[in-house]
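S.K.: Work the whole structure out from these sequences, hints included.
For reference, the chains in residue letters:
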Amino acid sequence: MKRSVRVALAAGIALVAGQIPALAGWEPVRPVEFIVPAGTGGGADQMARTIQGIVTKHNLMKQPLVVINKSGGAGGEGFLDVKASAGNPHKIIITLSNLFTTPLATGIPFNWKDLTPVAMLALDEFVLWVNAEKPYATAKDYIDAVKQAGGTLKMGGTGSKQEDQIITVAMEKATGAKFTYIPYKGGGEVAVQLVGNHIDSTVNNPIEAVAQWRGGKVRPLCVFDDKPMGYDEPITDGKAWKDIPTCKSQGLDIEYLMLRGIFMSPRATKDQIEYYVDLFKKVRETPEWQDFMKTGAFNTTFMTGADYAKWVETEEKRHELLMKEAGFLASN
Amino acid sequence: MEELANLFHGFAVALQPFNIMVMILGIVLGVIIGVLPGLGGANGVAILLPLTFSMPPTSAIIMLSCIYWGALFGGAITSILFNIPGEPWSVATTFDGYPMAQQGKAGEALTAAFTSSFVGALFAVIMITLVAPLVASFALQFGPAEKFAVYFLAFCSFVGLSKEPPFKTVAAMMIGFALAAVGLDSITGQLRLTFGVTELLNGFDFLIAVIGLFGIGEILLTMEEGLSFRGGNAKINLRVVLHTWKEMPAYWLTSLRSCLIGCWMGITPAGATPASFMSYGIAKRLSKRGKKFGHGEIEGVVAPETAAHAAGTAALLPMLSLGVPGSPTAAVLLGGLLIWGLQPGPMLFVEQKEFVWGLIASMYLGNLVGLLVVLTCVPIFAAILRIPFSIIAPLILVLCAIGAYSVHSSTFDVVLMLVFGVLGYLFKKCGYPLAPLVLAIVLGDKAEEAFRQSLLGSQGSLAVFFSNGLVGTIMVLGLIALFWSAIQEGYSRLRAATA
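These protein sequences, in sequence, are chains A and B. Residues in the first sequence are numbered consecutively from 1, following the working numbering. Residues in the second sequence are numbered consecutively from 333, following the working numbering.
It should be emphasised that the hints constitute simulated quantities derived from the structure, not laboratory data. Computed from a prediction, not measured in an experiment: that's the story for all the values here. Mixed in with the good hints there might be a few duds.
Stated by the list, open to error - Pairwise CB distance ranges, derived in the manner of DEER restraints:
| no. | chain 1 | residue 1 | chain 2 | residue 2 | range |
| --- | --- | --- | --- | --- | --- |
| 1 | A | Ala309 | B | Val747 | 30 to 40 Å |
| 2 | A | Leu329 | B | Met506 | 26 to 36 Å |
| 3 | B | Val747 | A | Ala86 | 33 to 43 Å |
| 4 | B | Ile458 | A | Asp307 | 26 to 36 Å |
| 5 | B | Leu700 | A | Arg318 | 52 to 62 Å |
| 6 | B | Ala795 | A | Ala86 | 48 to 58 Å |
| 7 | B | Trp577 | A | Ala84 | 37 to 47 Å |
| 8 | B | Ser799 | A | Lys62 | 20 to 30 Å |
| 9 | A | Trp26 | B | Leu336 | 55 to 65 Å |
| 10 | B | Leu574 | A | Glu27 | 29 to 39 Å |
Claimed, not checked - These stretches of chain A come out as covered by chain B in the derived footprint (C-beta under 8 Å, 3 or more residues):
| no. | stretch |
| --- | --- |
| 11 | 49–57 |
| 12 | 122–128 |
| 13 | 153–162 |
| 14 | 174–183 |
| 15 | 277–283 |
| 16 | 307–319 |
Don't be surprised by glycine CBs; every beta carbon is placed ideally from N, CA and C.
M.R.: Here it is as structure tokens:
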């Protein structure tokens, strides 16, 4: 009885999503490996494990979904693994910006076109944070201080020649200010280093810094998006994500969003892609997913098929350009 | 005393029948995870995380933290019985635990290990209960320079305090540093020493190195020496347990020192592995029985186990109060908290009282339950030693191979493990110590990273390592440890001259 209700519900959700799973469609016949090209505890890992939990709780798949971290070589290990699994539809991978930055910076033999795009799940925002004890009230205050300090103020970020450093270089280009960039292993560590005043600013994702913001230890100055984030629930001191101004409105004309999307192994058939697209549509309908989006103040854009591939292609070109300007390409 | 009232409320939560059941289940699963080399606490918790999604958050965290305790207890078992550390922090336990097992004192070693683990954890939990808010601000003082100073102290105390010839120790350590440098350089984002081999992108994983160096190396040695485990006549019963307990209070000073080292290393995010090594090194130098360390001295089991467990427990404190995981397992637990809709950080203690204090109460109870479970199983574990070598050796080999494979699901790692096995055999044959090599593989890249982060921040000035009282003190302690023998010799010569 319970089961049939659940099936009916799932079917209902699928209907709402405008997609009826084809009865004769493909389905996994053994456990599906869900590769995370990053370490345990990071943003991509949290998202993958949330999805795994949702799939298990709502019985969205007949076969288990197994999360596996392959973080070696800034995620290169995970990408190469999926690339080498051509024709194996039981392997999917969640990506972050290292989809572009890792091959460009390290020269490993990989390009996103080696994989099959499935769906964009969300985009992760970037926010400029400073320690709440410091007097900087706006992005302009802070940039002025950076200029004044002549390169001694420290920007902490995740990894080297990856998204955080790309944004830092873009800020330097846009304003003429100079930072000392210090790479750390993960966003959580970066947030704590900021609270401890070991660095002067970060460009953490919302989910990495929200705990410190709620505790009143850090202050957001601006978000690197073209519009403010859409979440109006107050986080601390009556302020909500919505109240953080865009960097553009503060005279810092930089936009950067990070892909949180799904790819699968090369040479997947149309049926197989459709199965996963449908699965992730169902995941997106669950209250758990919506809560997760709210906690991390994600941009919930969803894309599949040609739109998604086109978006990724544009992003790849942009990263190549940004990294070339910054001198981050492997051939340098 | 509001904390105390909260704690008792927490006990009421943790003592609900369902939560107790979850606790026992978690401990048993954790012990199994700890026994299997390669399948560490972090992986184990990650794999079992989805099991808990249907539970209320408090029960879920109790189960996961009990898996963690179980893994901490379980890591000692294979270290002592087979010289294969199940977890990084059990490496130091093999130094004296395995010789004890060879002398037929496996029961004593296991009892001592479990009991010290319990003592260490208890100490850390009491500390968490009392000083949670204070400690949180202390951890914030730890920037890259302070972290490097801690690693520096760990390396120095190994070179200076070891009874091995210092040059052999340094040589082994340097090989470890070289191996640790392989893979992605996290400061420049470039690949290093991989020579285009994609399997090396990840560098040499510590666990694979350890399984090979200790496990396979030991089997090779045993084969050479006549195909038998010495220790088959181990007598194990309740009397052994009680007898060991009677002996334990004699080591109270070592225990206390190890508890303090463990708590400190757990809160400052250095972690359980350096804590266990450092505690072993210091006990060896300061104890009256220090000269016998390495030949099956029970104190040599007490010191690292107490510190590792204290550090493992204390590592949860920065995770809860700051959202900074002090260990990989804590990082996975952190992910779990987020999935249950709990935001770790300074506000957790204010907004989620029932959860936090339920968890802290479950730490007391979970460790007690864990101690009872593993102690009752000591005879079973020790009986394994009575199985003939010709049967157990292939089993260990298979276990090692599974362990090495499960780290990254890669067959290349299994081959690598065998290569490390041969290396371990050669090291032992030539009288080079393995411990500094392992220490350098584990902490080498972390120390390098912290060193370079510090220099980036200081615009290249080495003065950053003496720029404040905290970092300066740790560095000076490290230097003293490094030149300890010379200082001691100089002192005695001076005394001889004046006398």
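S.K.: If you check each hint against the structure, which ones fail?
M.R.: 3, 4, 7, 8, 10, 12, 15 and 16
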